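Asker: If you want the building blocks of each chain, they are given just below.
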Amino acid sequence: MATIELQKVEKKFAELHAVKPMDLTIQDGEFVVLLGPSGCGKTTTLRMISGLETVTGGKILLNQRDVTWLHPSQRDIAFVFQFYALYPHISARDNISFPLRAQGESKEEIEKQVKEVSALLRIEHLLNQRPGNLSGGDQQRVALARALVRRPAAFLMDEPLGALDAEFRESMRAEIKRLHIDQHATTVYVTHDQIEAMALGDRIVVMSEAVVQQIGTAAEVYYNPANLFVARFIGSPGMNLVTGHYVDGVVTIPGTQNRFSLPVGWRKPVDETLKESKEIILGFRPEAAQLNNAGKLSGEVYASELQGAFAVLHVNVNSDDIVHIRTDRVINYPIDTVVHFDLNPEMVRFFDPQSEAAIQPEVGA
Amino acid sequence: MANFEQTGPGKPVLEATRVDKVTPGYRLGHNLRALFVVILAIVGLIPVFVMIITAFKTRPDAIHVPPKLIFTPSLEGLVFLFTERASASPSRLEELKKAAEGVQLSLVDRIALNAGQEITGPSDYVFRLRNSLIIAGISTLLSVVLAIFSAYAFSRYGVKGKGDLLFFILSTRMLPAVVVTVPLFLMYTQLKLHDTHIGMILLYTVFNLSLAVWLMKGFFDEIPREYEEAALVDGYTRMQAFFKIVLPQAVTGIAATTVFCLIFAWNEYAFALMLTSEKARTAPPSIATMLGIGGIEWTAIAAGSLGFLIPVVIVTFALRNYLLRGVTFGAVRK
Amino acid sequence: MSTTTAKVASHPRQRHLSDRAIINLFVWPTLVLLILVNVFPLFYSLFLSFTNYSAIAGKAPVWIGFKNFANLLNDQQMWKYFATTGKYALVSVGLQTLFGFGLAMLLHEKFKGSGLITTLILIPMMISPVVVGLFWKLMYNPSFGYFNYLIGFPNPIRGPDMLASSFARHGVPGLALYSVVLVDVWMWTPFVMLLVLSGLKAIPDYLYEAAAIDRASSWFQFWRITVPQVAPLLLIAILFRTIEAFKSFDLVMGMTGGGPGDQTELIAVNLYRQAFLGQWQTGRSSALAYIILIIIIAVSNLYILYLNRMRGEA
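So the sequence lines, in the order shown, correspond to chains A, B and C.
Going by our numbering, the residue at position 68 of the first sequence is 68; the numbering climbs one at a time, nothing skipped.
Going by our numbering, the residue at position 237 of the second sequence is 237; the numbering climbs one at a time, nothing skipped.
Going by our numbering, the residue at position 51 of the third sequence is 51; the numbering climbs one at a time, nothing skipped.
Just to be clear, a hint being listed does not mean it is correct.
From chain C, some residues computed to sit far from chain A (all C-beta separations above 12 Å) [to be verified]: (1) F50; (2) G58; (3) F66; (4) L72; (5) Q76; (6) G94; (7) H108; (8) F111; (9) G113; (10) S114; (11) F153; (12) D214; (13) A216; (14) Q221; (15) I297; (16) M310.
If you only want the chain C side, here are some residues facing chain A, beta carbon under 10 Å, derived [as the list claims (entries may be wrong)]: (17) Y206; (18) E209; (19) A212; (20) I213; (21) S217; (22) F220; (23) R224; (24) I225; (25) Q229.
In silico DSSO-like cross-links for lysine-lysine, where the CA-CA straight-line distance does not exceed 27 Å [as the list claims (entries may be wrong)]: (26) A:K59 x B:K160; (27) B:K11 x C:K110; (28) C:K201 x C:K67; (29) C:K110 x C:K67; (30) A:K12 x C:K112.
Hints were generated in silico from the structure; no laboratory data involved.
No experiment lies behind these values; they were computed from the predicted model shown.
Glycine is no exception: its CB is placed at the ideal position from the N, C-alpha and C atoms.
Using the sequences plus the hints, can you model the full thing?
Answerer: Printed below as a string of structure tokens:
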């Protein structure tokens, strides 16, 4: 299969910087997800890797080979499009076999390959249909088959589930995951859906406004976001971010009695980062907070949402900040009740409001 | 090409293109094709140039043997277009010439004088132009709007007898105008629609509907249903999907249809000639048969045609961005 | 028709128009208008075709059955006019298609000023056909016209007389007809071009991108992506141009009036002659009109069948 390397790859459209210079190394067999809101540059990056978009600067290497200016068909990649891009007036079978026919493979070989991939994707019964007669999910399966049949060095997928109904999306997601495990193929996958990203990716590249925000595993971006953007973007709902006043190891939430002492291993890094500043941002995920009558922090219930197995409480900790607290007790908390909670010290994070970057605790914390 | 694959193009690429479209080979071919089209356009427009320069020639220049490319421009054509004239007798010509020397004649009168004629009053041209604007404008609007709705229904739904209905709509345009005029004339006279704006608007709307419906259906068929269906899945109603998603994508088709309908209604000659006389007469019948004192008034016809052409050119130019817009994909799901 | 429309569920909770109501609301106004204005003339002409009515004779129409039709179909001259018209339609529409498609493909590539050029190329189509006819008559004139001058005869008299089918005193049979064809092609190629161009612009880029990645040849891309997507619109353009070619009247009248002799006597011109000149044979000309109509219907049906087959519709 293949390694992919991006060296200072950037893209500008006239004066607009669509992708600021970025470096990325993708290992053989890895499933890397480019994640971010629309306009962040993820699709442009993917297209540059494929050759569908030219680079304004930088180099793209596939298996150590410089492919920056190679024709897309010569890069040994397969591309799966959001809207399937199946050739509309020929059958599914002909669509799938097309790349092989273009390469001049023998008839027997082609048939064998087509049979194999369509069995894998469970579309044998659809091979004679034209794309126009197939559902979205089936069309995407055919597109996947067409990509697979080439046995490329790498798969590039541009929001392949974006055009599908919610129910299809979930089942197709599982299929793509299974396929990856099966084929162990290097894959670069673009999506704006962070749930998808976390479910599928070995590593996630979080992007925003042409800049890479963080590269890490799902666990890393979830538990240890590198900055405020990643903290908000990942997780639903995103991480709670509360602005607080910091003095001597204690965070005070202005306008309230809430005080939170820095857990072990945080004091030094925080002091070093903040220096003179008195402002700090405390971050914690909804499940990091535990409702507890004896809890040290408190706030007023603003709203509560029952989400099936658990509920999410929207709690007002001061006039500006509402935090989400997960509780697995399906109890109806009336509005304006005061609730108390504790934070799990191992799951809190701190951010510097100026730079928006996360403060890293001492190793071992 | 080996060089390109290693180093890429000389300058950094600042636009959205594929890698294979910036190779020197491709660029060269591209530029040659562009040049070819420009030349083709120029050659193709020569007759239009001829018309333009004829509009500004004097009558003798217009029919000069061999054809004159260099000439002194004159406003004779325009004057002849907008005025009625009578041939002036030699004695009258003498009188007028004396008046000209005394700077008592207007520019317009002078021009007529040069051609040996005298102005007797304004012509109907402006009035007819106004009629053309009203009739063509309204009928185009009506036919395009009606066509949009019915074509959408035909495109997306299994309307009963769709094929037959569509053929019926097509057939309304099949009979040569010449044939339908006698019955139409009778019908219109009975209904008191003869020589009325409404009568002509009705007729042109109906005539254009056939082309408009077929064109719009063709355009709607091109828009993949995935977009509406994605919208319906997201909770939009059919009507909302129609207005918010389908129509914007059909803008090219709507613009093209509007242009074609407008051109037909604007330039229509046969029906205008036979179904109007005074009040609702449009410009084409009068331009085409401008017979002046000495035969075909080429300069006036050229001037009239040019003037008549300009509103259509303006509308088309105004719509050009819609006409030439590509369809934007991906914008739907954001 | 694709099955996807049926798959979409209505949303009963929301207030909206049912599909049935939409169909009715959208389609009926068009149909009603068409029926109102068209039905009477159509049927009245049909009636007249079975009579010997003359609009200027002042006598009431007298039923003569199929006599008009029989006379027309037995008339050798009529067949000649039909043949002339057929030739005209075939060549003119054929060339319009070729040039229109070619131009559209060229203009589809974006280059500086392509938008402007596209708009300018539309101008011939915007001029009133009668005027176009008149002006080309001026241009073709062997004494003071530009045509001969521009094709390489500085002294135009030495050039061909396009509309009189002669060149240096030799007759060139058929030249007049092709001269008219040239003008028709000049005028209407932009129509085809614009429609094909619109079709081209509607083809999603990702189809070509997929083709690029699959290493598809230009040939494949053209025949399997471009043509199938454009074909329906192209066919509609051809359909309408063919119908118009059979009805072609304004242009020819302005340029040649049917001459020289009857070289450019298209069927619609002859129809005019029978209906409004000479003896004003309204009945007979109506019969001729219906014969023309039947031919047009037959040809149109062929096109439509092909169009539907292309779309995969039943």
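Asker: For every hint, state whether the structure bears it out.
Answerer: Hint by hint, here is what the structure shows:
The beta carbon of F50 of chain C sits about 47 Å from the closest Cβ of chain A, which is more than 12 Å, so the claim that it is off the interface holds. Remark: the non-interface label on G58 of chain C is consistent with the geometry, its nearest Cβ contact in chain A lying 61 Å away (cut-off 12 Å). Distance check on F66 of chain C: its Cβ is at least 47 Å (rounded) from any Cβ of chain A, clearing the 12 Å threshold; non-interface status holds. Under the 12 Å C-beta cut-off, the non-interface status given to L72 of chain C relative to chain A holds; the minimum distance is some 44 Å.
At roughly 46 Å from the closest C-beta of chain A, the C-beta of Q76 of chain C stays outside 12 Å, upholding its exclusion from the interface. Non-interface call for G94 of chain C relative to chain A: holds, since the shortest CB-CB distance, roughly 24 Å, exceeds 12 Å. No beta-carbon of chain A comes within 12 Å of the beta-carbon of H108 of chain C; the shortest separation is about 19 Å. Annotated as non-interface, F111 of chain C keeps its C-beta farther than 12 Å from every C-beta of chain A; the closest such distance is 17 Å.
Listed as outside the interface, G113 of chain C is consistent with that label: its C-beta sits roughly 19 Å from the nearest C-beta of chain A, beyond the 12 Å cut-off. For S114 of chain C, the non-interface assignment is confirmed: its Cβ lies about 19 Å from the closest Cβ of chain A, beyond the 12 Å cut-off. With a closest Cβ-Cβ approach of about 49 Å to chain A, F153 of chain C is found to remain outside the 12 Å limit, as its non-interface label requires. Listed as outside the interface, D214 of chain C is inconsistent with that label: its C-beta sits roughly 4 Å from the nearest C-beta of chain A, within the 12 Å cut-off.
Listed as a non-interface residue, A216 of chain C fails to keep its Cβ farther than 12 Å from every Cβ of chain A; the least gap is roughly 6 Å. With a least beta-carbon separation of about 10 Å from chain A, Q221 of chain C fails to lie farther than 12 Å from that chain, contradicting its non-interface assignment. With a least beta-carbon separation of about 29 Å from chain A, I297 of chain C lies farther than 12 Å from that chain, consistent with its non-interface assignment. Chain A draws M310 of chain C into its interface by the beta-carbon criterion, the shortest separation being 9 Å against a cut-off of 12 Å.
Below 10 Å, beta-carbon pairs count as interface contacts, and Y206 of chain C has one with chain A at about 4 Å; its hint therefore holds. Restraint check, E209 of chain C versus chain A: the minimum CB separation of about 5 Å is within 10 Å; hint holds. Because the smallest distance between the Cβ of A212 of chain C and any Cβ of chain A comes to about 5 Å, under 10 Å, the interface hint for this residue holds. Proximity of I213 of chain C to chain A holds as hinted, the smallest CB-CB distance being about 5 Å (cut-off 10 Å).
Restraint check, S217 of chain C versus chain A: the minimum CB separation of about 7 Å is within 10 Å; hint holds. For F220 of chain C, the suggested interface contact is upheld, since its CB lies about 8 Å from the closest CB of chain A, less than 10 Å. Restraint check, R224 of chain C versus chain A: the minimum CB separation of about 6 Å is within 10 Å; hint holds. At about 6 Å, the closest approach between the beta carbon of I225 of chain C and any beta carbon in chain A falls short of 10 Å, and the interface hint on this residue holds.
With 10 Å as the threshold, the beta carbon of Q229 of chain C comes within range of chain A, its nearest partner Cβ sitting at about 7 Å, so the hint holds. The suggested pairing of K59 of chain A with K160 of chain B is violated, with an alpha-carbon distance near 59 Å, which exceeds 27 Å. About 20 Å separates the Cα atoms of K11 of chain B and K110 of chain C, which keeps this hinted pair within 27 Å; it holds. A threshold of 27 Å between alpha carbons decides the hint, and for K201 of chain C with K67 of chain C the separation of about 52 Å lies outside it, so the pair is violated.
For the proposed pair K110 of chain C and K67 of chain C, the alpha carbon gap of about 59 Å is over 27 Å, so the pair is violated. Taking the CA atoms of K12 of chain A and K112 of chain C, the gap is near 21 Å; set against the 27 Å cutoff, the hint holds.
In this structure, the earlier hints numbered 12, 13, 14, 16, 26, 28 and 29 are contradicted, and the remaining ones agree with it.
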